[in-house]
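Chains as they are written, first to last, in this note's numbering: chain A, 5 to 269; chain B, 5 to 269.
Rather than coming from a laboratory, the hints here were simulated on the basis of the structure. Be aware that a few hints might be false.
All copies of an identical chain are treated as equivalent in the list; a pair is satisfied when it fits inside any one copy or across any two copies.
Mimicking SDA-like on lysine to any residue, the simulated pairs with C-alpha atoms at most 20 Å apart in a straight line are [unchecked claim]:
#1 LYS167 to SER253
#2 LYS167 to SER178
#3 LYS167 to HIS136
#4 LYS241 to ARG196
#5 LYS167 to ARG23
#6 LYS167 to GLU228
#7 LYS167 to ASN135
#8 LYS167 to ASP137
#9 LYS241 to LEU267
#10 LYS64 to GLU12
#11 LYS241 to ALA192
2 protein chains.
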Amino acid sequence: MPDIIAIEDAADERIAGYRDIRERDLVGRQGLFIAEGEVVLRMLARSPDHEALSVLIAEKRLTSLMPILSELPDTIPVYTAGQAVLDGIAGFHLHRGILALGRRMAAPTADELCANARPDALIVVLFGIANHDNIGGIFRNAAAFGADGLLLDETCCDPLYRKATRVSVGATLSVPYARLGQGEDGIALIERHGFEAVSLSPAGATPLRRFVRSGRTAVIFGAEGPGLSPEVLARTKTVSIPMATGFDSLNVATTSGIVLHQLTG
Amino acid sequence: MPDIIAIEDAADERIAGYRDIRERDLVGRQGLFIAEGEVVLRMLARSPDHEALSVLIAEKRLTSLMPILSELPDTIPVYTAGQAVLDGIAGFHLHRGILALGRRMAAPTADELCANARPDALIVVLFGIANHDNIGGIFRNAAAFGADGLLLDETCCDPLYRKATRVSVGATLSVPYARLGQGEDGIALIERHGFEAVSLSPAGATPLRRFVRSGRTAVIFGAEGPGLSPEVLARTKTVSIPMATGFDSLNVATTSGIVLHQLTG
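With the rest of the complex left out, here is chain A (with noise of 0.2 Å):
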């Protein structure tokens, strides 16, 4: 069980990491990040490829929260504070209450993620996904249909700023991700390990319906409004969600859902 330390004072600088927290999420963390709300708490306290480095609660919320501040190692400090020293930390009012400062630590690349994936993974690629509750969304699907990873282009926001991972109730500390290098060709990455490249696209030749999959998987999302690029369809077998006439927009993350369903399960 962890030592519990009352912070008295919102200039403490023991609780530095969790200053002026929305300022600090537009510049980034080096490699650090804040986690947020019990659900998300649980999953960092669990997660074998993240570490907590430090806990933040609101006093109110300690006895609740002792069956998840427990499982943490002896060596985190958990830092209690009354709600007004929290929202002077914070910069804002902490509603929940509950923030942690987590770190990742072994990070695969994409090279070792497809080359550890089972003989008939089902993996999930990303372009240019830059908005916080889309990545989250589709972190979340993943996690709910058992997807084996994901790769994100060198474009798509980061799965562990905030609110993605807030919005993925925690699935961006459960499910393995790794990063394209910049520049790097991430189709024929995938191909290279023997995945199958599929992308989504309002204008692919298949319906969803009727794509069965065997073997490795790679299913390929691109940004709502531009989707993927010419180039990437043309060198990947591209899939469609037959629509409504007249409309033929879903949302990414839905969109993901509906894809993690049918291939799944």
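We have chain A already, so just place chain B on it with the hints.
Just chain B now, with coordinates in the frame of chain A:
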């Protein structure tokens, strides 16, 4: 083609309906609503069930919006303003620079919506969906898959709330919907009209993939977290979306997309 009227002063009474948008979002607009952005304005201009009362746009948008504006009746005033005046009216920086004040005209009762549905209609019934993102996402999916309409209980939030309409990409202006009266028995209503009532629940008896619909079908969704009440589940056919071990949570809008994809086309 409507008249174009330049507004020079944020205090001008002619644009009073647009003043302090966020504050008025919270208190409601007595049957009126604010539509925001180009796509939503186009849906409003074409909706048989809603009318635009006026439009307020940034001067710089005028030329590009002419094709949509010319679809509006001649009697609808189109106000334009410079960005500073526009921001002063709205009370925040109005990035998109495109607003309309709209009114819902004839709204069907729940009874009328059900009575007029096709013999094989698919409708969506929502209990307790109070989140604007989720309401918007569900309407978007209903439009994408051609659902015949939605029924909302009295605890659902307003689909015409600005953010819900924006998230729906204007689908709240195109898909028919009706409100259940306070305390009205929605399940008795849909069954009276010959709909099979189908509830989505993680504990549902039939996996979605094995459910085959015939005739009129009403799929029922509850809020994330609490889900549908035991009473609703006991009175209806229950269907589940099987998920990976240890993860039993999908976003409700994503769930609606998966279900509508499965049951249409």
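So, going through the hints one by one against the coordinates:
1. LYS167 to SER253: between (24 Å within a copy, 18 Å between copies)
2. LYS167 to SER178: Only inside one copy: LYS167 and SER178 sit 16 Å apart there, 31 Å across copies, limit 20 Å.
3. LYS167 to HIS136: So LYS167 and HIS136 pass the 20 Å test inside a copy (6 Å) and across (17 Å) alike.
4. LYS241 to ARG196: within (16 Å within a copy, 46 Å between copies)
5. LYS167 to ARG23: Close inside one copy (17 Å), not across copies (30 Å); limit 20 Å.
6. LYS167 to GLU228: both (19 Å within a copy, 18 Å between copies)
7. LYS167 to ASN135: both (10 Å within a copy, 16 Å between copies)
8. LYS167 to ASP137: both (7 Å within a copy, 15 Å between copies)
9. LYS241 to LEU267: within (15 Å within a copy, 25 Å between copies)
10. LYS64 to GLU12: Close inside one copy (15 Å), not across copies (52 Å); limit 20 Å.
11. LYS241 to ALA192: Classified as within: same-chain Cα gap 14 Å, cross-chain 47 Å, threshold 20 Å.
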